[in-house]
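Taking the hints into account, I'd like the entire structure generated from these sequences.
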Amino acid sequence: MEIAASADVALISKVYPTRSHSGAAQGGIAAALGNEEPDSWEWHMYDTVKGGDYLPDQDAAEILAQDGPRAIYELEHMGVPFNRTADGKIAQRAFGGHTSNFGQAAIKRACHAADRSGRVILDTLYWAAVQKGLKVYSEFQLIDLILKEKQVVGLVVYELATGEVHVFHSRMVLLATGGFGKVYKTTSNCFANTGDGVYLAYRAGIPLEDMEFVQFHPTGIYGLGILISEAARGEGGILRNGCGDRFMEKYAPTIKDLAPRDMVSRAIDTEIREGRGIDGRDFVHLDLTHLGKERLAEKLSDISSFAKIYLGIDPTREPIPVQPTCHYMMGGIPTNLEGQVLDHQQQPFPGLCAAGECACLSLHGANRLGCNSLLDLVVFGRLAGKRMVQDLKHLPWSEPPRKPEERTLEKIKDLKARSRGEKAFVLRKAMRKVMMDDCSVFRVKDRLSGALTEIRRLKGEYEKVAIDDHGLCFNSDLLEAVELESLLGLAEAIIVSAMNRQESRGAHYREDYPERDDHNWLKHTLIRKTDNGPEVFYKPVTITRFQPKARAY
Amino acid sequence: MELHFKIFRFDPQVDRGPYFKHYTVAAEPEERLLDCLNRIKWEQDGTLSYRMSCGHGVCGSDGMKINGTCRLACQALVKDYQCPEVVLEPLPGFKVLKDLVVDMELFLEGIRLIRPHLLSQTHPPERERKQTPEERKRLDEVIRCILCACCTASCPVSWSNQKYVGPAALVWAFRYIFDSRDEEHQKRLQQLDHPDGVWACVNHFECTRVCPKEIPVTKSINLLKREIEKTIR
Numbered sequence: 001m002e003i004a005a006s007a008d009v010a011l012i013s014k015v016y017p018t019r020s021h022s023g024a025a026q027g028g029i030a031a032a033l034g035n036e037e038p039d040s041w042e043w044h045m046y047d048t049v050k051g052g053d054y055l056p057d058q059d060a061a062e063i064l065a066q067d068g069p070r071a072i073y074e075l076e077h078m079g080v081p082f083n084r085t086a087d088g089k090i091a092q093r094a095f096g097g098h099t100s101n102f103g104q105a106a107i108k109r110a111c112h113a114a115d116r117s118g119r120v121i122l123d124t125l126y127w128a129a130v131q132k133g134l135k136v137y138s139e140f141q142l143i144d145l146i147l148k149e150k151q152v153v154g155l156v157v158y159e160l161a162t163g164e165v166h167v168f169h170s171r172m173v174l175l176a177t178g179g180f181g182k183v184y185k186t187t188s189n190c191f192a193n194t195g196d197g198v199y200l201a202y203r204a205g206i207p208l209e210d211m212e213f214v215q216f217h218p219t220g221i222y223g224l225g226i227l228i229s230e231a232a233r234g235e236g237g238i239l240r241n242g243c244g245d246r247f248m249e250k251y252a253p254t255i256k257d258l259a260p261r262d263m264v265s266r267a268i269d270t271e272i273r274e275g276r277g278i279d280g281r282d283f284v285h286l287d288l289t290h291l292g293k294e295r296l297a298e299k300l301s302d303i304s305s306f307a308k309i310y311l312g313i314d315p316t317r318e319p320i321p322v323q324p325t326c327h328y329m330m331g332g333i334p335t336n337l338e339g340q341v342l343d344h345q346q347q348p349f350p351g352l353c354a355a356g357e358c359a360c361l362s363l364h365g366a367n368r369l370g371c372n373s374l375l376d377l378v379v380f381g382r383l384a385g386k387r388m389v390q391d392l393k394h395l396p397w398s399e400p401p402r403k404p405e406e407r408t409l410e411k412i413k414d415l416k417a418r419s420r421g422e423k424a425f426v427l428r429k430a431m432r433k434v435m436m437d438d439c440s441v442f443r444v445k446d447r448l449s450g451a452l453t454e455i456r457r458l459k460g461e462y463e464k465v466a467i468d469d470h471g472l473c474f475n476s477d478l479l480e481a482v483e484l485e486s487l488l489g490l491a492e493a494i495i496v497s498a499m500n501r502q503e504s505r506g507a508h509y510r511e512d513y514p515e516r517d518d519h520n521w522l523k524h525t526l527i528r529k530t531d532n533g534p535e536v537f538y539k540p541v542t543i544t545r546f547q548p549k550a551r552a553y
Numbered sequence: 554m555e556l557h558f559k560i561f562r563f564d565p566q567v568d569r570g571p572y573f574k575h576y577t578v579a580a581e582p583e584e585r586l587l588d589c590l591n592r593i594k595w596e597q598d599g600t601l602s603y604r605m606s607c608g609h610g611v612c613g614s615d616g617m618k619i620n621g622t623c624r625l626a627c628q629a630l631v632k633d634y635q636c637p638e639v640v641l642e643p644l645p646g647f648k649v650l651k652d653l654v655v656d657m658e659l660f661l662e663g664i665r666l667i668r669p670h671l672l673s674q675t676h677p678p679e680r681e682r683k684q685t686p687e688e689r690k691r692l693d694e695v696i697r698c699i700l701c702a703c704c705t706a707s708c709p710v711s712w713s714n715q716k717y718v719g720p721a722a723l724v725w726a727f728r729y730i731f732d733s734r735d736e737e738h739q740k741r742l743q744q745l746d747h748p749d750g751v752w753a754c755v756n757h758f759e760c761t762r763v764c765p766k767e768i769p770v771t772k773s774i775n776l777l778k779r780e781i782e783k784t785i786r
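Residue numbers (our numbering), protein chains in the order written: chain D, 1 to 553; chain C, 554 to 786.
FYI, nobody ran anything at the bench for these hints, they're computed from the structure.
A hint or two may mislead.
Unchecked claim - Non-contacting residues of chain D with respect to chain C, defined by C-beta distances greater than 10 Å in every case (computed):
#, residue
1, E37
2, T85
3, F102
4, I272
5, R382
6, W397
7, E405
8, K459
Claimed, not checked - A few chain D residues that face chain C, going by a derived Cβ cut-off under 7 Å, partial list only:
#, residue
9, R19
10, G23
11, E74
12, H77
13, G88
14, I90
15, A128
16, Q131
17, L134
18, C190
19, F191
20, I309
21, E422
22, F425
23, D468
The C-beta atom is built at its ideal place from N, Cα and C for all residues, glycine as well.
Next up, the structure:
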């Protein structure tokens, strides 16, 4: 939207834009408005840094916290229907890891619209963008980046409805392709979250940053992974184990159930491993029964309906069975504070920007706080847009290479020509299982190397994958096979990054290295695709206001 | 348990006309019909097309007609379909693009024409505009709309009158007409005060019955009618 007035902008999306996964964000968007109790952006910045286990680049955390209130007011002015306080201000509620006075007590910082905050923000921004005259290409799937002498000069895009392969010639591309939770068996992510943009950047030789940091949200609906927002605990919900104990008192004595997600997920899995799951099984209970019907209806109506629909449970009377579910990727395409993608020498990659979950600023470090991702999108998405406006003034049109779509057409032809071979779903299922079993909340060397062997075997099998649908119209069979290449490539990058980091920090917990090791590991991982397999190297963390200390809640 | 599906199939590039194809899948009672569809697609017949994304009733992609009723496949559970056959068809009243995928262009264009964004000429304050909890509460139900089109696809008026703006667009009109921050109240009402606007609705209540987000659609339309009578007539 920032550049709509100065350029011809195409919004290309594999699903109709308001069906994207930002719409599934439930709990809210953080900002130190101080509408419910005194708050300050320094506290928010501190919480972001501590929540990320001191791995966030603090210049990014500072911008996020400082610019947060402005961003919220901008959304409100655009029409986002936030809930309100009695005196008509934007209502705020407590959320995991957000505290007052540098960790003293939980604070109400999450601005929200019931438990569908993401959807109403997405709706508002989308229709505003349409209003500004952006051209929308809905159900157009990104297949390839077009590079010329290390500059991105366009995109190869597949049109679902017709099967046509289009070339978009461009001066600038902003990737906002989201996460890739579909690498894991249990995930809150949508089917579209297959990391297409992140993988294409990786394939183009851009290193990926901090890929080992994968967030498992503590409260996915048992067996399904559907998210039950942290807002449930923000409104007063309590986690209980098989003995009926409020076990988070043990792990985070000060803020208990509102500890950051990595800690709560580890606590749940520890309870389960030590036999204190419900009836000794692999889940615990999220108890909302004491919150009262009215509060659930007003503030948590979507999650109440999820519990009713999928579990047949009325959360006003019964607790909800939950287990950790893969939710968010802290890692991704490295960018600077203006969204410019950085190459392996930390230089901006001409013509290419990234924002949102697919990017890694690194703002969230080793663990993202709840309500910081929607804020990340609007704060840093805007800054990237502003930067693009500047760059467009001097970036020339560069002729794309001859037939940039050739590789894509070749791949499609290949997939359709193969009459026999493994089906994509068989490989996908095996990948998702091994990632869940061996590279999720708890990690250890031997199992990580086993997982790597398995992923590499699957990559070999992928070369022989075959599809049923040889048609042109809505051929999702073909696209799912294409997406699997991205998922497998990203799974490998996650495992290799995780094997190399010999410490425990935030969401990356190594049973063989259970302590955080600032001396050796206070640095960002970078992983780059080479002909001899992935190559890992590191870059320093930007530390400004807050020196690393022990992380207790 | 085993579930028998009878699924509408049509690929306009290949098929002379639509037909039904039968599939049988093993499924657990708590699974979603979407899980069954995925199993059919992944394990039996990759040529079957349908839309899906979030899998839990938030994105609005997988609206379809299931045993005669429009709903989301991701919100329909296997245990509620203890019947000899589950019949899946595309949303009625919409042009079929392939199998269960329909053309949503006109539907979405109808939403756009309603101007689904805040209209305000007043320069906003530095901080938020004030709105009381009661004012905000009027929007609680309508902001649940996910554009799945189940309501419009179930509306007998929409089937017979192509010009009718339809229940989904009216929900979005309500969203802004009753937002205390919007300043085009009158003009928005005038836009709907038309035989093909709110007055085309004759209270079939089908929209309300099928809405997967439990939006009181018919009631909202009637409140719009009342508001028109009260303020501009």
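Open item on the list: Need the list of violated hint numbers for this structure, in ascending order.
Closed with: Those not satisfied are hints 2, 11, 17, 21.
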